[in-house]
Each structure stands twice: as C-alpha cells, then as structure tokens.
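Number of protein chains: 2
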Amino acid sequence: MKRYLKTDEWNIIEEGFHAEHQRMSESIFSVGNGRFGQRGNFEEPYSSDSYRGTFVAGVPFLDKTRVAWWKNGYPTYYTRIPRAADWSRIHLRLIDEELDLAQWDVNSFTRRLDMREGIAYRDMEVTSPRGNSLRVHVEHLANMAHPDLCLVKYSVTSLNYTGRLSLMPLVEANVTDCSELTKEKVWNILDAGATPDCAYMRTQTRHEDAHVGYALSFRLQKNGKEVAHNPIRIEKEKAVGFSAGADVKPGDTVVLQAYIIIVSSLYYERTTLVDTAIGKARKARSLGWERLVADHRQAWKEIWDETDVVIEGDPEAQQGIRYTIFQLYQTYRGDDPRLNIGPKGFTGEKYGGNTYWNTELCCVPFFLLSTSKKIVENLLMYRYNQLDKAIDNARALGIGGGAALFPQVTSSGEECHNEWEITFEEIHRNNIIVNAIIQHAQLTGSIDYIVAHGLEVMLAISRYWAQRVSFSQPKQQYVILGVTGPDEYANNVDNNWYTNYSCVQCLQTTLQCIETVADLRPDDYARICHATGFDARRETPLWRDIIDRMYLPYDEERGIFIQNDGFLDKTLQSVEAIPAGERPINQHWSWDRILRSCYIKQADVLLGLYLYRHHFDTETVRRNFQFYEPMTVHESSLSPHIHAILAARIGELDKAYSLFMRATRLDLDDYNNETDQGLHVTSMPGSWLVIARGFAGAQMVDDCLCLSPLIPPHWERYTFCVNYRQRTVRISVSRESTTLTLLQGEPIGVKVYGQVQELVKGEEVTVVK
Amino acid sequence: MKRYLKTDEWNIIEEGFHAEHQRMSESIFSVGNGRFGQRGNFEEPYSSDSYRGTFVAGVPFLDKTRVAWWKNGYPTYYTRIPRAADWSRIHLRLIDEELDLAQWDVNSFTRRLDMREGIAYRDMEVTSPRGNSLRVHVEHLANMAHPDLCLVKYSVTSLNYTGRLSLMPLVEANVTDCSELTKEKVWNILDAGATPDCAYMRTQTRHEDAHVGYALSFRLQKNGKEVAHNPIRIEKEKAVGFSAGADVKPGDTVVLQAYIIIVSSLYYERTTLVDTAIGKARKARSLGWERLVADHRQAWKEIWDETDVVIEGDPEAQQGIRYTIFQLYQTYRGDDPRLNIGPKGFTGEKYGGNTYWNTELCCVPFFLLSTSKKIVENLLMYRYNQLDKAIDNARALGIGGGAALFPQVTSSGEECHNEWEITFEEIHRNNIIVNAIIQHAQLTGSIDYIVAHGLEVMLAISRYWAQRVSFSQPKQQYVILGVTGPDEYANNVDNNWYTNYSCVQCLQTTLQCIETVADLRPDDYARICHATGFDARRETPLWRDIIDRMYLPYDEERGIFIQNDGFLDKTLQSVEAIPAGERPINQHWSWDRILRSCYIKQADVLLGLYLYRHHFDTETVRRNFQFYEPMTVHESSLSPHIHAILAARIGELDKAYSLFMRATRLDLDDYNNETDQGLHVTSMPGSWLVIARGFAGAQMVDDCLCLSPLIPPHWERYTFCVNYRQRTVRISVSRESTTLTLLQGEPIGVKVYGQVQELVKGEEVTVVK
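Protein sequences, first through last, are from chains A and B.
Each residue of the first sequence is one higher than the one before, counting from 115 in our numbering.
Each residue of the second sequence is one higher than the one before, counting from 115 in our numbering.
Be careful, since some hints might not be right.
The list treats identical chains as interchangeable, and a pair is accepted whether it falls inside one copy or across any two copies.
[Stated by the list, open to error] Calculated pairs, DSS-like style, for lysine-lysine (alpha carbon to alpha carbon, straight line, at most 27 Å): (1) K116 x K185; (2) K267 x K120; (3) K185 x K464; (4) K178 x K352.
Please keep in mind that the hints were generated in silico from the structure rather than gathered at the bench.
Could you put together the complete structure from these sequences and hints?
Written as structure tokens, this is what we have:
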C-alpha cells in the first residue's frame with residue numbers, strides 16, 4: 115500500500131513531487147473522455163522513470179501470438195490497443211535550457227485532479243541548473259462535450275528570468291513499443307506536416323489498417339495579450355508542431371493554449387482524416403478556451419447529477435467512490451456498441467485494452483442501476499454483434515452445432531488470449547453474459563432485448579453447455595471437467611461449483627425465456643428458431659436432464675459448497691499464514707505453489723452466492739463466506755466488492771467496510787502493488803455496487819426493488835440514486851433512518867426491510883430502522 | 115504413417131526421389147558421431163522445401179524466455195542447441211548451370227544409409243535444363259574414429275557434357291534462425307578465410323561465448339588422377355571454401371574428397387581454435403580417405419559386435435532395431451559427463467538439444483544392459499554435477515533445506531522450460547534419477563557410485579518430496595497436489611498414482627541406501643552427512659510417515675490404480691472412438707479437449723508397473739494394462755516400448771509385437787507425423803528394451819538375472835547380448851528354445867523360466883521352453 119496522496123472529497127492531490135511514485139501518479143492522474151485518454155504524463159520532457167501512454171478507443175493492433183510452446187487452438191493474433199502518438203507534448207525552453215523535472219530543482223509541486231470538473235492541474239515552482247526560476251501552471255483535459263478534443267493550457271511565469279521563453283507544442287509519433295515481446299513497429303506515418311496555424315499527422319496501424327489523425331492548433335498570450343507570433347513550424351517525420359515564444363522579464367507570464375484534435379477511422383472517413391482534424395482544430399481554436407471548458411464542465415455536471423454518491427463522515431471513502439465513478443466515465447461513454455471497456459481503460463497497455471468478462475460482472479450492473487441512459491443495451495449489443503465469432507470460436511475448440519463460447523479476451527470478437535488454462539478453460543465467462551441479459555430484463559422490466567437479440571445469445575450458450583458437460587458414471591451425474599473458475603489460482607480443475615451452478619442457471623433461464631418468448635411473441639420465436647435452427651423438442655430434453663442431474667460439490671459437514679473437486683484436500687489456512695513480504699503471492703510465489711495452496715485469487719463460490727443471492731438463505735451465505743473469505747487474497751480487482759457486498763448482507767459490517775475501502779481505493783492506495791501499470795477501470799464500479807447492493811441491500815425480487823439498508827458505524831449518511839423501470843429513486847441512509855425520494859417516473863412500491871413503501875414523485879418517504 | 119523407404123536389414127534406402135518427403139528423408143538420413151551431426155541435407159543447393167541442420171555437441175545458445183503471460187518462477191533463458199555453420203556444402207557447376215534437384219530432371223535417384231558402416235550414400239543421374247546429363251555419387255560420413263572429422267566424397271561423371279565442371283566445397287555460416295520466436299543472431303563470426311590449401315572459420319555463440327572452429331581441406335581427382343589444381347579461394351564474410359574444377363568430356367569422372375574439421379571450445383583452447391582445426395584438416399588430408407574410412411568402419415564394427423540384435427524372419431523389425439541403435443550411437447558416445455542426449459539428437463532443433471528425463475527412462479537402462487562401457491556413470495555424473503543447480507531450482511520454487519528439483523529441461527543444470535504445467539509440475543522426473551542410480555547399482559553389483567555421489571542426489575530429492583507432499587485432513591493421508599504425471603495430457607492433477615508411488619519408492623530406497631552406506635562405509639556416510647547437513651534422526655521420521663501413509667488412488671471395483679484423482683469421472687472410451695483423421699490428437703484438438711478426454715499421451719500408471727514390476731503380480735499388470743492401454747494414444751515416443759514390454763509380460767504377444775514395431779519404426783514409418791522435424795533419438799533404445807525386457811523378459815531379481823523368453827510367432831530367432839556384473843551373455847531365442855552363452859566373465863547363474871542355469875564362458879546352454 116502507498117498513501118502519499120491527500121484525502122479530499124472532490125480532488126486527487128499530490129503535494130510535493132514524488133518522483134519515486136511517478137509511474138503510479140501517471141496512472142492516477144489519467145484523463146480521458148471515452149474516445150481517447152492518456153496517462154498523467156508531464157507535457158514537457160522528463161528524463162527519469164516514467165511510463166508515457168496515450169490511447170485512442172477502438173483502434174486495435176494485431177500482434178502475432180508469440181508463445182514458446184504452441185498449443186493447438188491458440189489464436190493467431192493477440193489484439194491490443196497500442197500507444198498512440200503523444201499528442202500533448204509541450205517543451206519549455208529558455209535560451210539554452212529546457213525544463214526537465216528530473217534535472218531542475220523542484221521548489222514546490224502540486225498535482226490536482228479535479229473530479230467534479232474533469233480537469234488535471236499542475237502547479238510548480240522550479241529552478242534551472244543556471245538558477246532561472248519559473249512558476250508553471252498546467253491545465254489538461256479530455257473534453258467530455260467535444261469528444262475529439264484535448265485541451266492543454268501551459269502557463270509560465272518568470273520569477274527571475276530575463277530572455278527568450280519558447281513553448282513547443284508537439285504531436286510526437288515516436289512511440290517505442292513497450293512490449294518486451296516484440297519490437298514490431300505499430301504505426302505507419304502516412305502524412306505529417308504543418309500549415310501556418312495547424313500541425314497535423316495521419317497514422318495507420320499495421321495489419322488492421324485503422325487510421326488515427328491528429329491536428330494541433332494553439333494560442334499564445336503574454337501577460338493576457340495575444341502574442342503576434344510567427345511560430346516556427348516543426349515538420350519532422352514523426353513529430354509535428356510549433357515553436358513559439360516571447361521575450362520575458364521577471365513577473366511576465368506566457369500562456370500557451372493547445373487545441374488538439376484526435377480523430378480515428380472508426381468515426382471519420384480515413385482518406386480525409388487530416389482535413390477533418392484540421393477543420394476541427396481551427397474551429398476549436400476559434401470557439402476558444404472558455405467556451406470549450408464550460409461545455410466540458412457542463413457535461414461532467416450532468417454525469418455527477420445522475421451518478422454521484424455522497425458519503426458524509428468519511429472523506430477517504432467519499433474520495434474513493436468518486437474516483438471510481440470518475441475514471442469509469444473517463445473511459446467509457448456508453449454510446450457506441452462497437453466499443454467496450456478495457457480493464458485498464460486508457461491508463462495502461464496491460465490486458466491490451468480488450469474486453470473481458472469484467473464488463474458484464476461489474477460494469478453492466480452499475481450502469482443498469484445507476485443511469486437512465488441506455489448504456490447497457492450497447493454493451494449487450496457488443497456481444498450480440500460478436501455472436502457469430504463466438505460460434506466460430508466454440509467450433510474451433512471442437513464444439514459445433516451453433517454453440518457459442520464467447521472469448522475470454524477480445525476486441526473484434528475473436529479470442530486473442532493465449533494461456534490455455536484461461537483461453538480454453540475459463541469458460542464460466544459464457545454465463546455472465548446470460549446473466550447480464552437477464553438482469554437487464556429485470557431492471558428494465560422489458561423482454562424487448564431478449565426477443566430482439568438476447569435469446570439468440572442464450573440459445574447458443576446453452577448449446578455450448580449441453581456439449582461441454584459430460585456424464586460421470588461413478589457419480590451418475592453431469593460433471594464439467596477441466597475448467598478454470600473465477601479463481602484463476604486453480605487451473606484445470608473439475609467441477610468448479612460456480613461454473614456448474616451458473617451453467618444450470620444459464621440453461622434454466624434460457625428455457626424460461628424460450629417459453630416466455632414462444633408464448634408472448636410467437637412470430638419472433640418462429641424467426642429465432644428459423645435463424646438458429648433451434649428445435650426445442652430435440653434439444654431441450656438434454657438441457658433439462660443436465661439441470662436435474664448436475665453435480666454440485668457440497669460438504670455436508672461444513673454445510674458449504676466446495677469450490678472444486680479436491681479443494682478440501684488442500685492445507686486449509688488463512689491468508690494470515692502467508693509470510694510477511696510475500697504478498698501479493700502472484701508476485702512472489704511460483705505458479706505451482708499458488709495452485710496447490712488453498713489461496714483464492716477472487717470470489718469464486720462466493721461469486722455464485724452474490725449473483726444468485728436470492729437462491730440462498732443468509733446462513734448458507736454466512737457459512738460459505740466464513741469458510742472462503744479468510745483464504746481469499748483478493749489479487750483480482752474483481753474480488754473485494756463481491757466479498758464486501760456479501761459481508762454486508764450477513765451483517766459483518768466491519769469486514770464489509772474494509773473490503774469496500776479496498777475496492778474503492780484499490781488504485782489510490784495501491785493495494786495490489788501495480789497501480790504503476792494503470793488503473794483497474796473495469797472493477798471500479800464495484801465500489802458503487804457495494805453502496806447500492808451491499809450497504810443499501812438493493813436487489814430485485816419478484817419485480818420489486820428491495821432494500822435493507824445498513825450503514826458503516828462511523829458514517830453519518832450516504833446518498834445515491836438508483837434508476838430502474840423508468841424511475842429514479844434517491845436513497846439516503848443515515849444511522850437512524852432511510853429516506854427515499856422518487857425523482858423521476860410513475861409511482862412505484864419499494865420494499866424497505868420487507869415493508870412496501872409507495873413512492874410518489876417528489877415526496878420523501880422516511881423509514882426508521 | 116509413411117512407407118516409402120525400402121526394407122533392408124542393414125540399410126535405409128530411398129529409391130526414386132521423394133521430394134514431397136524431403137524433410138522426413140533429411141531426418142532419416144542424418145549422420146553424426148556424438149560430437150557433431152547433421153541432417154541428411156543435399157550437399158549442393160536445393161531450392162525447394164528442405165530443412166537444413168548441422169549441430170555441434172555441447173554448444174548451447176541462450177535464448178531469452180519469451181512468453182506473452184509471465185508466470186513467477188519462469189526461467190530467464192531458454193537454452194537450445196543452435197544450428198551451426200553448414201560445413202558440408204558442395205556446389206556443382208557447369209559452365210552456366212548449377213545442380214539443383216528442384217530444377218533439374220532427376221532420371222534416377224537412390225539414397226542409402228549403410229548402418230553397418232555408418233556411411234550415407236547418394237547415387238543419381240540428372241539432366242540440366244540445357245540437357246547436360248551427369249551421374250553423381252556421394253559418400254558422407256561423420257567419422258566415429260576421428261571425432262572432429264566429417265568426410266564427404268562427391269563424384270561426378272559426365273554422361274554427355276563437355277566443358278568446365280567446377281566443384282565448390284564450402285563452410286557457410288549464413289544460418290538463419292529457424293525459430294519463429296526470435297530473429298536473434300546466434301553466431302558472431304570471429305575469423306574466416308582460406309590459405310591455399312585450407313579454408314577456416316571461427317564462430318562464437320552470443321551470451322554463452324562458446325566457440326566453434328571449422329577447417330576444410332580437399333583433394334580433386336579426374337579419372338583417378340589428382341588434378342594439379344590451383345583452386346579459387348572463397349573468402350566471404352560468412353562463407354569460406356574453394357572453387358576447383360576440371361575440363362571434362364563424356365565419360366570423364368571428377369571426384370572431390372572434402373576433409374572437414376569441426377572443433378569447439380568444449381575440447382580445445384578457443385584462441386587457437388583455427389590453428390587446431392587447420393592442423394587437423396591438413397593431417398586428415400594427408401592420412402587420406404581410405405585410411406580414415408577404414409578407421410571409421412572399424413569403430414562401427416566394434417559397436418555392432420557388442421550391441422547388434424539379430425532378428426531372423428522379420429526384415430522390417432531387423433531394420434528398425436538396427437536403425438534405433440545406429441542413431442543413438444550417432445548422437446552419443448558416452449565418454450563425456452558434460453554431454454547428454456537431446457531428444458532429437460543432431461537431427462532437429464525441437465526440444466533445443468536439451469536433457470530430458472528421457473535419458474534416465476530410456477537410455478540409461480539400454481546402456482546399462484547393452485554395453486560394458488561405463489557410459490551410464492557419465493550420465494549419472496551429468497546429473498550429479500548439476501545437483502547444486504537443482505537445489506537452487508527447488509529453492510526458487512519455494513522448497514529449501516537442501517532439497518533438489520532437477521529441471522525438466524536443461525543444458526547447464528538450470529531449468530530452461532517455460533510451460534508452468536511442465537516446468538513446475540512435472541516433478542516425477544526427480545524419481546527416475548533415483549531409479550537410474552539404483553538400477554546402476556543393481557546391474558553393476560556395486561554401491562561405489564552411490565557412496566561416491568549417488569546418495570547425495572537421493573538425499574536432496576527425498577528432502578524435496580518431504581516438503582512437496584501435503585497432508586489431507588479428509589483422507590488422513592499424504593497427497594501430492596497439482597502435478598503433471600508422465601501423461602502430459604493431464605495437467606495440474608492431484609495424486610497422480612505414478613508420482614505418488616515413485617515418491618514412496620524414492621524415499622524408501624534412499625532410506626535403504628542410508629542404512630547400507632552408514633553400515634558398510636561409515637566414513638563416507640559421515641562425509642556425506644557433513645556435506646549435506648543431513649541428520650537422519652531429524653529428517654527421516656517424516657519420510658517414514660509419508661511412506662506409510664501415502665495416498666495411492668485405487669479402484670476396488672476394477673482392481674486398478676487410478677491415474678489421478680477424478681480420472682474415472684471422464685468419459686472412458688478407447689482410442690477407436692477418435693474420429694478418423696483426428697490423430698495424433700495433439701495436432702487436431704484444442705488443449706482443453708485433450709485434457710478432459712480420457713486419452714493418455716504415454717504410459718503413466720503403466721510406467722510405474724514397468725519400473726517397479728517385481729512389486730506387482732502379473733494379474734495386477736494385466737488388469738491395469740487392459741484398462742489403460744486402449745485409451746493410450748502413444749503421442750509421446752516414450753510410450754510404445756513400455757506398453758510393449760508389459761504386453762509381452764502378460765502374454766499379449768500380438769499387442770507387444772505391434773507396439774514394438776511402433777517403437778522401433780516410429781521414425782522410419784513416421785507414426786506420429788513429425789519425423790520431418792527430426793528423429794526421436796532418446797526413445798530409440800526403447801526398442802532394444804522391448805527385446806531384452808519384453809520378449810526375453812530380462813530383469814534383475816534378488817541379484818540374479820531372470821529371463822522368461824517369448825518370441826513373436828512369425829520370428830525364427832532373435833539374438834542379442836546383455837552385459838551386467840562384468841559378464842557378457844549372449845541370448846538367442848528361437849521358437850523352440852533359448853540358448854545362452856557366457857562370452858565374457860566369471861561363471862554365473864541365470865534363471866530361465868524360474869530355473870537357474872549355470873553359465874561358464876564359452877559353453878552354450880540351451881533351455882527348451
């Protein structure tokens with residue numbers, strides 16, 4: 115853990131320069147707007163340890179799969195989002211010196227990420243080796259209202275320097291690939307140059323032929339007045355921009371406003387990409403800084419108005435929950451079914467910016483409950499649009515007949531991961547996609563999506579399971595052999611309880627949906643059967659038999675579900691038994707040692723109890739929680755929030771709170787010693803889920819929203835809104851009572867502690883615990 | 115399977131050019147002498163599909179480990195034997211044409227590998243695009259008597275051509291790395307040039323700084339008379355040699371004899387390597403072809419006199435058994451404890467030329483029984499010399515206290531493989547090393563090696579097991595979790611019966627040896643205890659407890675050992691159920707499908723029954739064989755001979771014979787569709803073991819060699835010699851009787867069908883069945 119950032123309810127603040135944590139700070143201070151994003155790198159050159167990264171949504175690069183020992187079935191390519199051109203570089207030069215925080219004295223330094231406004235600030239006083247002192251103020255934002263626009267203001271005040279001061283805004287495509295695996299060139303530079311007012315560049319990813327265009331325009335002011343500059347154009351092969359300056363004396367301030375456009379062939383015609391970018395950059399410059407920033411602030415205000423969670427009495431928790439919401443919205447706008455959410459968003463290259471089951475597990479329930487926007491439809495459509503490739507994927511693994519196995523890791527729909535124990539065996543991922551479809555129907559109260567698209571996905575996945583299970587003669591039950599469950603510290607195991615259980619749920623809900631659709635929308639049902647070749651009489655008897663006779667490992671003595679066959683043969687001990695200094699174990703132990711230990715990476719059995727919670731009584735949850743939680747190391751960011759929610763639901767509030775803090779401050783406090791590589795973006799909504807589902811106990815049961823709010827003992831109050839079935843309900847929980855307000859929509863009943871409360875728009879209803 | 119080679123008892127013959135099988139032929143016609151070796155490539159350029167390869171023993175290259183997803187514990191480097199300079203190139207040029215079998219008409223073509231002499235011959239008549247016809251005769255050998263010397267005779271007769279005919283012998287280091295993973299340069303060329311009579315080159319592997327030097331001298335004759343040639347020297351950066359020629363008319367024959375020296379820094383001072391090579395090349399040239407070839411023939415004669423197996427009545431079997439012996443001796447001389455045997459010898463790059471457990475499993479028992487040379491001592495010393503690194507290796511995986519885990523794959527003693535399920539989990543490999551030590555003591559009748567070195571290895575391995583097992587509360591027994599057994603189609607399983615059983619054997623034999631050494635050689639025992647910090651009173655109680663309470667999965671109903679936990683839950687079916695065209699399954703099925711199938715790559719439970727055969731009655735062997743054999747796909751070359759031996763021992767002679775043929779003709783008939791990549795050298799002695807241990811039933815029981823010979827029904831007779839305890843016994847088995855002759859050594863008793871026969875040197879003893 116690292117705790118060098120200041121606690122503040124709306125800001126992330128680094129006071130004093132922590133060069134030793136520069137990579138972590140660069141992750142933390144990342145900015146983005148869903149179309150592009152970048153790590154919180156310094157604009158000016160920095161000659162010490164740093165990890166620069168700029169990323170453009172939906173522009174993947176196909177890397178050849180490189181493994182020493184090929185296994186049949188491995189994908190040909192590993193897709194990944196490459197680092198793009200570094201579009202926001204600004205060099206600051208004096209007569210014969212150039213600012214570099216690794217070389218200059220840093221007299222004062224503050225970095226601040228304003229989450230309400232979505233602006234990163236940097237303020238510092240620095241002294242050059244020759245004794246020239248400057249005050250520098252930087253503002254940097256990825257415009258939420260103008261999705262192609264990045265804005266940087268770089269303001270320099272001379273404290274004791276007299277002479278020429280030059281600022282050089284640049285777009286640099288001299289990207290060296292950080293992957294150790296390959297030195298392969300990512301970008302072809304098709305066009306690069308500068309007009310008198312606008313620098314531009316067009317780049318192309320190899321293999322994929324995706325294009326990204328950039329344009330850079332700027333204004334320069336001295337002491338508040340436009341400098342009638344005649345900038346030097348910089349037109350190198352891999353760097354374009356300007357050098358502009360002014361003569362200064364102590365007290366003078368020079369301000370550069372950079373208007374940077376980033377556009378890709380995902381949204382614009384590739385052949386005219388440069389013209390498009392230049393036109394947009396000129397327009398931005400003419401609209402001017404104030405107007406563009408005002409639009410940006412307004413966009414963020416709208417997000418916060420809908421999504422903010424207010425926690426009174428715990429500034430650390432308050433900061434944490436806002437940070438997670440902020441970073442998720444910086445990564446994903448929810449308006450394009452071609453995009454998904456990379457585990458590290460635009461903050462790092464790990465996981466390649468690809469789509470994982472994280473999306474359905476963690477982001478879908480957040481968006482479903484927290485916003486009235488149709489974001490989840492886009493996320494569901496993303497999978498639906500890839501169904502054909504999921505069918506191809508299953509066929510390549512020997513399972514045909516229209517069965518689908520959605521990839522573990524993908525960008526275009528093709529599997530791109532290459533660890534057999536994950537790629538081929540972590541097949542439970544199929545079920546969370548079905549679960550997401552069902553949750554969507556529950557929360558919207560509509561089967562429209564199921565009818566239009568969802569049922570096809572469910573059929574294909576159910577067909578997969580029908581072939582993937584096998585029948586054990588000794589057990590006289592169906593078994594699922596050779597899988598990796600959610601706990602990735604247990605590979606190639608048999609009968610992972612979660613996988614088996616969620617398989618049964620998948621088959622069961624598919625059968626129910628078949629009945630419902632056949633009944634209510636017979637024409638659609640006929641269309642679906644025709645399109646998929648589905649024959650219920652032929653196919654479903656086996657499904658029903660699997661549902662009836664699935665083996666679900668259970669320990670009678672302890673009254674717990676067994677994570678997988680053989681689990682109880684392990685030496686069972688708590689994480690306390692791990693020697694100091696050996697956590698996270700994945701950074702210290704060899705893989706075999708991890709595998710044969712009892713330690714669980716992330717919620718596994720408990721994930722099943724969370725997802726299908728109304729299937730289990732509280733005592734069952736408690737027994738399993740008390741058995742598995744002590745052995746869970748939470749080395750997946752997907753873990754703490756699940757445990758926190760269950761802990762709250764069994765009344766272990768202290769545990770729930772500490773796990774909530776782990777979830778919500780995972781990156782801010784660097785629990786897993788890897789924030790330097792980027793943020794855990796797709797897990798971030800988990801902390802909102804702890805508030806809604808854990809502390810407030812929100813769940814849909816029989817078409818009714820049920821709450822049973824709790825509050826951590828030292829909190830005064832927490833307030834958030836849920837959106838479902840065309841209603842918005844504000845929920846405010848204090849130690850004494852819970853107040854509900856229907857902000858939008860028709861009257862509706864909500865159960866609080868089992869009692870139905872009728873809500874009418876605008877009227878507060880308070881329930882005393 | 116491919117059957118285009120002719121059957122012959124002493125020769126491998128390809129009649130007619132099979133360009134479509136060129137890579138396979140290049141493997142099959144490989145030549146070597148234990149110090150260097152090469153694939154059966156054409157000397158002249160060949161512009162169609164081909165896989166060239168020349169290899170020098172003990173000169174590894176360190177490749178950086180390249181995996182997409184790093185697991186803690188992976189080794190930094192993958193060691194591999196790189197392709198060396200191509201030392202035996204000979205270009206044949208006419209005025210403006212150059213021989214290339216892919217471009218010229220091949221009127222007749224015969225390749226022949228004479229196994230008795232160790233010479234590869236090629237004879238062909240070819241016609242150039244311009245209609246020039248030539249007869250070419252080539253002889254190629256890696257000299258067994260002069261271990262640095264390669265000899266090539268290239269003889270060309272003009273059939274209708276008149277004009278200049280040039281021959282260009284070359285050493286070419288223009289080696290492009292065939293690994294797809296890396297384009298890294300392997301060789302630095304430190305020196306390259308030519309004196310008037312000798313071309314030379316010195317090369318260096320990067321990282322390792324191992325040097326290889328080459329020198330090439332030659333003679334040229336026309337119609338039997340030396341040509342007073344003044345050759346053109348070729349001194350390119352990466353190719354050195356000569357161009358020499360003669361004017362010919364139809365009927366004239368030009369013969370080039372190339373004398374090629376290959377020396378490495380393993381044996382010679384690196385700084386003077388070029389001088390050494392040149393001196394040796396000149397000396398060879400002066401000794402002359404006839405003398406050098408005669409020495410070579412004599413060396414092979416001595417090998418065959420000791421090791422030949424004569425099978426009467428089955429030329430295919432005869433050819434196969436000789437081929438396996440021949441290729442093993444081409445790869446390994448047994449005279450240097452720094453060398454071991456790469457799975458593909460000098461015939462391919464797969465497996466990197468590294469040491470696998472293949473050596474102890476298959477080569478050690480062959481050398482132990484088949485020769486009086488002290489080859490096995492060198493193989494055991496190889497491991498002993500790497501003990502410290504095996505201790506480091508165990509420590510890196512979290513198991514300290516002087517425990518050793520010998521690497522799965524190694525050259526220098528450091529693990530170099532990077533598949534977690536193999537590298538970290540295929541730990542049974544430790545036990546075969548102990549088994550080899552014990553077998554050596556049994557066959558030599560001496561504990562000298564155990565006292566000098568073996569016990570230290572055994573202690574370190576036993577210490578490993580004492581920590582690697584764990585105690586299962588539900589079973590109240592010791593278990594070994596998370597392993598890959600010999601069946602590599604079952605990864606990360608619990609309680610692999612073979613691993614658990616051989617662990618117990620390891621601990622038990624170590625305890626016995628401790629007692630014996632402490633008793634018979636107390637001073638040595640004290641020295642060993644001091645050197646290893648071994649304290650029997652502290653350490654051995656746990657070992658005894660493990661021996662007493664090891665869990666050994668057993669199925670009461672079937673009366674079989676269970677390969678690993680959960681095996682019986684699989685869908686059990688015979689290999690017959692695999693659809694046609696899907697074998698070998700590792701070339702057709704994705705890894706997960708293989709893992710969850712019942713199919714077994716190679717002998718696993720059956721390996722235990724083979725290695726510890728006298729622990730089990732024949733009925734137990736039969737039940738297990740009949741259960742496991744039908745599910746075994748034999749996709750490891752280590753498999754068929756084990757099954758063949760057991761099949762013979764339970765009286766299933768037909769099965770034994772077909773498995774023997776699979777073992778002995780694995781490469782000649784390309785059973786596994788991969789001979790093109792190289793030969794299965796380390797498995798080759800398995801076919802000799804089928805003769806000795808399977809058909810003849812040879813085993814040591816209570817210090818006595820026991821035989822119970824069988825003979826496949828269509829064989830007339832088979833004859834071979836066994837060497838043990840300073841005796842050589844010739845065993846000749848016909849359908850009617852078995853004749854034993856003590857060729858060397860003091861009188862000794864041998865049990866045949868349970869009856870002791872006293873053998874005296876020179877006297878034949880015949881036992882009628």
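Evaluated hints:
{"no.": "1", "hint": "K116 x K185", "in the structure": "between (40 Å within a copy, 25 Å between copies)"}
{"no.": "2", "hint": "K267 x K120", "in the structure": "within (24 Å within a copy, 82 Å between copies)"}
{"no.": "3", "hint": "K185 x K464", "in the structure": "both (23 Å within a copy, 15 Å between copies)"}
{"no.": "4", "hint": "K178 x K352", "in the structure": "within (25 Å within a copy, 31 Å between copies)"}
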